[in-house]
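Colleague: Now for the letters of each chain:
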Amino acid sequence: MSYEGENKIQSTGVQVYYGETRALHGIDLNIGANEVTSLIGPSGCGKSTFLRCINRMNDVIEGCRVEGSVFIDGDDIYADHMDVVELRARVGMVFQKPNPFPKSIYDNVAYGPRIHGLAPTKEALDHMVETSLRRAGLWQEVHDRLGDTGSGLSGGQQQRLCIARAIAVNPDVVLMDEPCSALDPIATAVIEELIEELKSEYTIVIVTHSMQQASRVSQKTAYFHLGNVVEFGDTSQIFSNPKNTQTEAYISGRIG
Amino acid sequence: MTDTITSMSVSAALKSPESAARLKARYRAEMRFRFYGRAAIGIAAGILIFLLSSIVYNSIPAFTQNFVGLDIELAQDKIDPNFSNDTEIIASADWQGLIKASLRREFPEVNARADKRELYDLVSSGGGDWVRDFVLDNPQSIGSVVRISVPTSDDIDLLIKGLIDRTLPESDRLVSNKELVWLDHYTAQGRVHTQFAWTLFTSGDSREPEMAGLSGAFIGSLLTILVTLAVSFPIGVMAAIYLEELAPKNRITSIIEVNINNLAAVPSIVFGLLGLAVFISFFQLPRSAPLVGGLVLSLMTLPTIIIATRASLASIPPSIREAALGIGASRLQVIFHHVLPLAMPGILTGTIIGLAQAAGETAPLLMIGMMAFIVDTPTDITSKATVLPAQIYMWANNPERAFLPKTSAAIVVLLLFLLTVNATAIYFRKKFEKRW
Ligand SMILES: Nc1ncnc2c1ncn2[C@@H]1O[C@H](COP(=O)(O)OP(=O)(O)O)[C@@H](O)[C@H]1O
Ligand SMILES: [Mg+2]
Chain A
216 MSYEGENKIQ STGVQVYYGE TRALHGIDLN IGANEVTSLI GPSGCGKSTF LRCINRMNDV
276 IEGCRVEGSV FIDGDDIYAD HMDVVELRAR VGMVFQKPNP FPKSIYDNVA YGPRIHGLAP
336 TKEALDHMVE TSLRRAGLWQ EVHDRLGDTG SGLSGGQQQR LCIARAIAVN PDVVLMDEPC
396 SALDPIATAV IEELIEELKS EYTIVIVTHS MQQASRVSQK TAYFHLGNVV EFGDTSQIFS
456 NPKNTQTEAY ISGRIG
Chain B
69 MTDTITSMSV SAALKSPESA ARLKARYRAE MRFRFYGRAA IGIAAGILIF LLSSIVYNSI
129 PAFTQNFVGL DIELAQDKID PNFSNDTEII ASADWQGLIK ASLRREFPEV NARADKRELY
189 DLVSSGGGDW VRDFVLDNPQ SIGSVVRISV PTSDDIDLLI KGLIDRTLPE SDRLVSNKEL
249 VWLDHYTAQG RVHTQFAWTL FTSGDSREPE MAGLSGAFIG SLLTILVTLA VSFPIGVMAA
309 IYLEELAPKN RITSIIEVNI NNLAAVPSIV FGLLGLAVFI SFFQLPRSAP LVGGLVLSLM
369 TLPTIIIATR ASLASIPPSI REAALGIGAS RLQVIFHHVL PLAMPGILTG TIIGLAQAAG
429 ETAPLLMIGM MAFIVDTPTD ITSKATVLPA QIYMWANNPE RAFLPKTSAA IVVLLLFLLT
489 VNATAIYFRK KFEKRW
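Which chain is which? The protein sequence lines are A and B, in order.
Numbered according to this note's numbering, the first sequence spans residues 216 to 471.
Numbered according to this note's numbering, the second sequence spans residues 69 to 504.
A couple of the hints might just be wrong.
Said to hold, decoys possible - Only pairs whose alpha carbons sit at most 25 Å apart, straight line, appear in this in silico DSS-like list of lysine-lysine:
#1 246/B to 168/B
#2 312/A to 414/A
#3 318/A to 498/B
#4 168/B to 146/B
#5 318/A to 499/B
#6 337/A to 312/A
Unchecked claim - Not the full set, but computed from the structure, chain A residues with beta-carbon under 7 Å of chain B:
#7 330
#8 333
#9 336
Think of the hints as simulated: they come from the structure by calculation, not from any bench.
These numbers were taken from a predicted model, which means no experiment stands behind them.
Using N, Cα and C, we set each Cβ at its ideal position, and we do this for glycine too.
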């Protein structure tokens with residue numbers, strides 16, 4: 216078990232190539248347990264690419280190659296014996312655009328526990344679905360229509376459904392790639408509150424384009440620029456007193 | 069300042085006479101284009117309607133059949149001389165002889181051999197079957213004289229339907245003057261009547277148009293298509309899943325890809341030759357059998373199914389795959405739990421298109437002996453059979469005039485068969501369709 220602030224994820228010299236082009240130039244980053252780390256930076260600087268290294272989602276991209284290593288709880292996730300399926304059960308992911316399965320709300324949440332054999336009985340599964348939906352703050356809104364299809368919900372509800380789906384398998388880490396970029400301000404506020412609550416149980420890494428969001432939800436912030444981490448530190452320090460001039464320029468809106 | 073000048077010149081330009089002319093020209097071009105489009109659709113629809121209505125119109129006579137009621141003496145000694153009551157003995161009696169006897173009794177004045185033969189030609193040479201069926205259903209009637217309806221011969225049938233003009237001189241007409249007199253004798257007594265032609269659907273092929281039916285070809289087509297479906301659907305879908313989802317993208321897979329696309333363009337008769345060489349000569353499978361026909365058509369249908377399946381797998385949004393991968397589904401789970409169910413409507417559409425093509429195919433089946441005169445309705449996939457399109461071709465080539473409407477009727481049945489197949493496809497597609 217890890218306690219707050221202890222290194223949960225360590226990346227050392229992570230380089231990612233898409234074919235011949237190098238998108239990440241050696242990322243060294245230590246991400247603490249049970250806190251929220253936000254990755255910020257201009258578009259195309261490699262935030263998503265780095266995030267996808269943590270659950271090896273880059274594996275499925277044709278022509279993508281990862282060098283260097285990423286450790287989670289000291290295990291090298293790029294080691295030969297590491298099983299990606301188990302890894303992705305430990306490291307959940309929430310995507311930019313809400314992407315519920317075209318199935319019922321219940322089946323969306325129950326899918327993970329089902330394929331990983333986490334719920335031996337129907338009651339256990341019902342219970343897991345309810346807890347996950349409660350944690351994602353969606354239970355009140357959907358408990359009487361669990362059989363309805365997930366795509367019938369509003370955008371914000373869909374994204375919370377996706378969060379419920381991700382946490383239903385009880386991962387250690389939750390990765391979020393711009394989870395609010397498709398949502399209105401009210402739905403965004405709900406998700407931010409949710410992130411605040413979830414951090415006690417999960418290590419969260421979030422990519423965001425909103426400075427306010429980064430400063431509201433995260434304890435640590437990494438500023439990415441052209442495939443490098445230019446500055447990494449406490450969120451309060453990065454936003455109030457950036458050491459790097461590029462960081463400062465970005466935060467003050469001079470790089471977009 | 070510059071802004072106002074430009075905008076003024078634009079609005080000035082719009083007011084100029086050249087602009088008005090341009091506007092008119094644009095409207096005219098749009099009108100013309102709309103007209104061309106409508107004309108194209110009109111021509112296409114017109115040709116289709118003409119074709120369909122002419123086929124349906126020509127087929128109408130084939131759906132009815134004329135019968136004449138003959139007084140037949142069901143003499144015990146002719147049917148079951150030993151009172152055995154054995155259906156087999158009864159069934160093998162000389163029924164046609166009883167019909168001839170009845171005709172002779174009706175017209176005792178006919179004596180010359182040639183005249184008698186003409187007289188016998190009034191009714192179908194298969195008419196005995198009707199008498200037999202009547203007696204087998206009513207065994208107590210043996211020993212009495214009963215009026216039984218038997219089908220008229222094909223020419224008499226055409227005459228009654230008005231397709232042979234009785235006002236023509238005798239030499240130009242398929243029915244002789246004597247036959248006209250005999251027929252009128254029955255008609256005057258109200259013994260000629262028209263019925264729905266069940267024969268068309270219940271019996272197999274025959275040399276006699278009035279006895280020929282589609283049941284053999286229909287069942288043959290059905291069995292062939294079932295074999296095609298059973299072989300090509302699983303193989304095609306599996307191949308497509310492998311190529312689209314699992315295969316590494318390298319030279320070999322791209323060569324395979326190109327060749328599958330080429331295969332779809334190979335003339336179908338080539339598949340027939342291949343089937344003859346491989347399935348019949350090498351594997352010694354039976355000739356003319358739906359099994360071999362289905363295998364040959366599978367070769368043809370496979371590329372269609374593979375291409376359609378791949379296209380429909382590729383059209384599933386990547387977000388669904390990411391979502392499933394993201395919670396730790398394996399590649400196979402992603403495919404079988406998420407991608408395949410969503411792709412199913414498209415896969416089914418492709419499969420049905422392939423099957424519909426196969427159902428209308430004759431050339432490859434010609435090579436493996438399925439274009440053959442086969443009387444018996446096939447009972448399984450290894451018995452000899454023919455298929456609907458082949459039956460249409462064979463009937464169309466028959467010299468008897470009565471096969472003309474039969475051919476059209478067979479086309480109507482084939483079209484209905486294809487329509488049913490398509491309707492089933494649409495039903496399944498709707499059933500599987502989901503929103504996301
Ligand atoms: N699937 C891909 N194939 C090729 N290049 C990619 C792919 N995904 C991202 N890239 C490239 O990698 C760089 C980083 O992209 P990304 O990680 O998506 O940036 P960010 O999320 O910070 O906007 C960009 O230059 C982008 O063009
Ligand atoms: Mg991104």
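Colleague: Any hints from earlier that this structure breaks? Give me their numbers in increasing order, please.
Modeller: Failing hints, ascending: 6, 8, 9.
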